[in-house]
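Trainee: Top line first, the protein sequences correspond to chains G and S. Counting in the numbering used here, the first sequence runs from 49 upward without gaps. Counting in the numbering used here, the second sequence runs from 49 upward without gaps.
Check each hint, because a few of them may be wrong.
Unchecked claim - Think about it this way: if two alpha-carbon atoms lie no more than 27 Å apart in a straight line, the pair counts; the simulated DSSO-like pairs of lysine-lysine are: (1) G:LYS64 to S:LYS61; (2) S:LYS109 to S:LYS250; (3) G:LYS61 to S:LYS250; (4) S:LYS109 to G:LYS61; (5) G:LYS250 to G:LYS61; (6) S:LYS250 to G:LYS250.
Hints in this document: simulated from the structure, not taken from any laboratory. Just so we're clear, the structure is a prediction, and the values are computed from it rather than from any experiment.
There are 2 protein chains.
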Amino acid sequence: MKGTTRLVEVRTKILKENDVVARALRQQFRERGVCVVSLVSSPGAGKTMLLEETLRRLREKYRVAALVGDLATENDARRLARAEVPVRQIVTGTVCHLEASMVQTALADWATGELDFLFIENVGNLVCPASYDLGEELRLVLFSVAEGEDKPLKYPTIFHTADVAVITKMDLAQAVEFDLPAAVQNIQSVRPGMETLEVSAKTGLGMDQWIERLERQRRDARHV
Amino acid sequence: MKGTTRLVEVRTKILKENDVVARALRQQFRERGVCVVSLVSSPGAGKTMLLEETLRRLREKYRVAALVGDLATENDARRLARAEVPVRQIVTGTVCHLEASMVQTALADWATGELDFLFIENVGNLVCPASYDLGEELRLVLFSVAEGEDKPLKYPTIFHTADVAVITKMDLAQAVEFDLPAAVQNIQSVRPGMETLEVSAKTGLGMDQWIERLERQRRDARHV
């Protein structure tokens, strides 16, 4: 157990270092007026698809860009590039989450002040990203109807560190016998009062509300 | 980056300690003649459902039991107990994977020598469990058709450390326009020659082959 204690100590130090970088990023984003939104979920919950559709819809009125994290491949960056907005991939190798320093490095030569929205798609993982602040203004936690209603109960920490819960792939709800009231109740039992959205990026269900939510976030925070 | 280097050092030490415990477990399982099979996947890929159906089918001929890992709740242990076999839950708190020492502790007062099969369901995570040997004889990596065909490419390490890939929720394949040949090709490109099964625990598709595969594993390893 000695090794574990030491690991906890070192991990605490890393988290503190991460928080320092995240705070600097948040300050910078605020000064530059860019609204930064991050997405966390299991692998395959539909982050990239929701993001692609979001970028398509926003780009008509706003200057938008995205960063995407994955262990391997640049597939997601390629998918998102179809929305014809600037996209960068962060390849983490074996690291199970994004860290603020990775975001800082990826943005080093970007004029983020020229953006209205920047999206950050985390590595697919419902556990580890919870511990790492990325300097974002709004953090979404997604889970798909195919994953089941119990995800909030089984992964409470990630729900505690996110601002909005998004239930995805609502078009499959009937096929998987998804119990929406039970899912919402599970979210509320873990995090009373948590804002929840239901979407299907495939059929467009809930997308208007989601886009309005983003616009409101930007407007309220900036008084624009 | 200094903290990160130190983290890597401490992590390497923990992994070495884990390997020592895992080796002792594997030796013990072999001596006692119990076939130990572990399951890893994303949250919501269907580990518990596949396991529940597997336990139901095996218990008629074999002595079976299961350990299930989760950050929080004993829901999975309760679900698996419906199969009327001995089940224990390991609650990991914030730890994103099972470790060999957790398995050792959970089994301390179990007469595993009286079992034919022991199943270990890992925490839902496609990244972190890859690094931790649990002393199992066979490791499955599962992903559901709802997660998409690209999971092997994006999470290669977990496919490298597993023995069999299982594509789950095949009953939803049409609804999500799942491209099975592409998925199989992605598995093979990451891990040439990897054994792959397709199942639906809901409809029973592929379950007979899966049960036969388990029986063969036990027979071949033990010459019974």
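Trainee: Taking the hints in turn, state whether each one holds.
Mentor: These are the hints, each one checked on the structure:
no.: 1; hint: G:LYS64 to S:LYS61; in the structure: holds, 23 Å
no.: 2; hint: S:LYS109 to S:LYS250; in the structure: holds, 22 Å
no.: 3; hint: G:LYS61 to S:LYS250; in the structure: violated, 46 Å
no.: 4; hint: S:LYS109 to G:LYS61; in the structure: violated, 52 Å
no.: 5; hint: G:LYS250 to G:LYS61; in the structure: violated, 42 Å
no.: 6; hint: S:LYS250 to G:LYS250; in the structure: holds, 25 Å
Comparing the model with each numbered hint stated earlier shows that hints 3, 4, 5 do not hold.
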